[in-house]
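Protein chains in written order, with our numbering: chain A, 9 to 127; chain B, 9 to 127.
In short, the hints are calculated from the structure, not lab data. Keep in mind that the hints are not guaranteed to be accurate.
The list treats identical chains as interchangeable, and a pair is accepted whether it falls inside one copy or across any two copies.
Said to hold, decoys possible - Quick list of in silico lysine to any residue cross-link-like pairs, SDA-like style, CA-CA up to 20 Å:
(1) Lys-49 / Thr-10
(2) Lys-108 / Gly-125
(3) Lys-108 / Glu-121
(4) Lys-23 / Ala-37
(5) Lys-20 / Glu-98
(6) Lys-108 / Arg-120
(7) Lys-108 / Arg-94
(8) Lys-63 / Glu-98
(9) Lys-63 / Arg-94
(10) Lys-63 / Val-77
(11) Lys-108 / Asp-124
(12) Lys-26 / Arg-39
(13) Lys-108 / Gln-90
(14) Lys-63 / Ser-86
(15) Lys-20 / Ala-57
(16) Lys-108 / Glu-98
(17) Lys-20 / Ser-32
(18) Lys-23 / Gly-69
(19) Lys-108 / Ile-92
Small disclaimer: the values here were computed from a predicted structure and weren't measured.
There are 2 protein chains.
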Amino acid sequence: MTTTFGSFVRKKREKLRKANRDFSLRQVAARIGVEPSYLSKIERGDHKAYLTEEKIRLLAGELGEDPDVLLALSGKVSRDVQEIIRRRPELFAQLIRDLKEMPDHAVLRIAREVRDGKW
Amino acid sequence: MTTTFGSFVRKKREKLRKANRDFSLRQVAARIGVEPSYLSKIERGDHKAYLTEEKIRLLAGELGEDPDVLLALSGKVSRDVQEIIRRRPELFAQLIRDLKEMPDHAVLRIAREVRDGKW
DNA sequence: CATAGTATGTAGTATATAGTACACATACAG
DNA sequence: CTGTATGTGTACTATATACTACATACTATG
Numbered sequence: 009m010t011t012t013f014g015s016f017v018r019k020k021r022e023k024l025r026k027a028n029r030d031f032s033l034r035q036v037a038a039r040i041g042v043e044p045s046y047l048s049k050i051e052r053g054d055h056k057a058y059l060t061e062e063k064i065r066l067l068a069g070e071l072g073e074d075p076d077v078l079l080a081l082s083g084k085v086s087r088d089v090q091e092i093i094r095r096r097p098e099l100f101a102q103l104i105r106d107l108k109e110m111p112d113h114a115v116l117r118i119a120r121e122v123r124d125g126k127w
Numbered sequence: 009m010t011t012t013f014g015s016f017v018r019k020k021r022e023k024l025r026k027a028n029r030d031f032s033l034r035q036v037a038a039r040i041g042v043e044p045s046y047l048s049k050i051e052r053g054d055h056k057a058y059l060t061e062e063k064i065r066l067l068a069g070e071l072g073e074d075p076d077v078l079l080a081l082s083g084k085v086s087r088d089v090q091e092i093i094r095r096r097p098e099l100f101a102q103l104i105r106d107l108k109e110m111p112d113h114a115v116l117r118i119a120r121e122v123r124d125g126k127w
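I would like the entire structure built from these sequences, with the hints used as guidance.
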């Protein structure tokens, strides 16, 4: 059940490959700009193999997955989100800690009301 | 006006030193567990000198500053906050982006209502 | 003025991060 | 059975991160 970055990518890529021959490891590696051997290592979960945020974003685009989810599986938080927190650290760090235990629907409700300009 | 991590730390440390001799660079360095030459580099803004999150937290304790603020000045976001985001990336990444332009008081209001159990 | 304390400059180190290069074995298609 | 595509193993590399060690120079005080 422990979905890792590698296993997640491999699963999704192999699924896409059934419908489209262009999703071989080699071709996907070429499109995101890494050597096939390196993507192979990553999909197999080699502990010394990581992708940069840029390549993870390209990979997410290829696989039709949410970049934030792939970044999270890779142990990262999007640069732009980090930047927002760093500009007002007391404010955001504390808010996020306060939201830690909130159920999804409560967090979603806040997000929706923020977007609706209720604040 | 561009407050850097180094200048911020130096300023605060020198202020504390006027009241208490124990805030020399050497002594503070010893208390947080780095060599004085290294803390010197950091205070002078050497681009190759960084502290780990742990040492930044110790330094914040010494200086009586908010660890999240020092981490932010050092270009970092607290591990525990990153962890919270990584557990529910779609939810939190999007919420934070939505809050990007919100004025402080609006974000504070949300935080307060969350703490008061209004959600 | 001696010396203790202070900051700094230079050089070197270990580990993590983010890869390339290329050989190899197998499968698959014409 | 020939050539091409596929995934993988091994070795190597460059840069960033996070420091230590030590020599040097200033400066403040008893």
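Right, here's what the structure says about each hint:
In this homomeric assembly, Lys-49 and Thr-10 come within 20 Å of each other (Cα to Cα) only inside a single copy, at 18 Å, whereas the closest approach across copies is 42 Å. Taking the closest pair of Cα atoms, Lys-108 and Gly-125 come within 20 Å of each other only across two copies (13 Å); inside a single copy the shortest separation is 23 Å, beyond that limit. In this assembly of identical chains, the alpha carbons of Lys-108 and Glu-121 lie at most 20 Å apart whether taken from the same copy (19 Å) or from different copies (14 Å). In this assembly of identical chains, Lys-23 and Ala-37 lie within 20 Å of each other by CA distance solely inside one copy; the values are 16 Å within and 54 Å between copies.
Taking the closest pair of Cα atoms, Lys-20 and Glu-98 come within 20 Å of each other only across two copies (18 Å); inside a single copy the shortest separation is 38 Å, beyond that limit. Taking the shortest alpha-carbon separations for Lys-108 and Arg-120, both the intra-copy value of 18 Å and the inter-copy value of 14 Å come in at or below 20 Å. In the homo-oligomer, the alpha carbons of Lys-108 and Arg-94 lie at most 20 Å apart both inside one protomer (18 Å) and across protomers (11 Å), since each shortest distance falls under that limit. Within a single copy, Lys-63 and Glu-98 get their C-alpha atoms only as close as 31 Å, which misses the 20 Å cut-off; across copies the closest is 19 Å, which meets it.
In this assembly of identical chains, Lys-63 and Arg-94 lie within 20 Å of each other by CA distance solely across copies; the values are 18 Å between and 23 Å within a copy. Taking identical chains as interchangeable, the C-alpha atoms of Lys-63 and Val-77 lie at most 20 Å apart only when both belong to the same chain, with a minimum of 14 Å there against 30 Å between chains. Taking identical chains as interchangeable, the C-alpha atoms of Lys-108 and Asp-124 lie at most 20 Å apart only when they sit on different chains, with a minimum of 14 Å there against 23 Å within one chain. Only within a single protomer do Lys-26 and Arg-39 lie at most 20 Å apart by alpha-carbon distance; the minimum there is 18 Å, versus 59 Å between protomers.
In this assembly of identical chains, the alpha carbons of Lys-108 and Gln-90 lie at most 20 Å apart whether taken from the same copy (17 Å) or from different copies (11 Å). Taking the shortest Cα distances, Lys-63 and Ser-86 sit within 20 Å of each other inside one copy (12 Å), while across copies they are farther apart (24 Å). In this homomeric assembly, Lys-20 and Ala-57 come within 20 Å of each other (Cα to Cα) only inside a single copy, at 19 Å, whereas the closest approach across copies is 40 Å. Taking identical chains as interchangeable, the C-alpha atoms of Lys-108 and Glu-98 lie at most 20 Å apart whether they share a chain (16 Å) or sit on different chains (14 Å).
For a Cα distance limit of 20 Å, the shortest separation of Lys-20 from Ser-32 inside one copy, 11 Å, qualifies, whereas the shortest one across copies, 56 Å, does not. For the identical chains of this complex, Lys-23 and Gly-69 are intra-copy neighbours only, at 15 Å inside a copy versus 51 Å across copies, given an alpha-carbon limit of 20 Å. In this assembly of identical chains, the alpha carbons of Lys-108 and Ile-92 lie at most 20 Å apart whether taken from the same copy (18 Å) or from different copies (6 Å).
Going down the numbered hints, you'll see the structure goes against none, and every one checks out.
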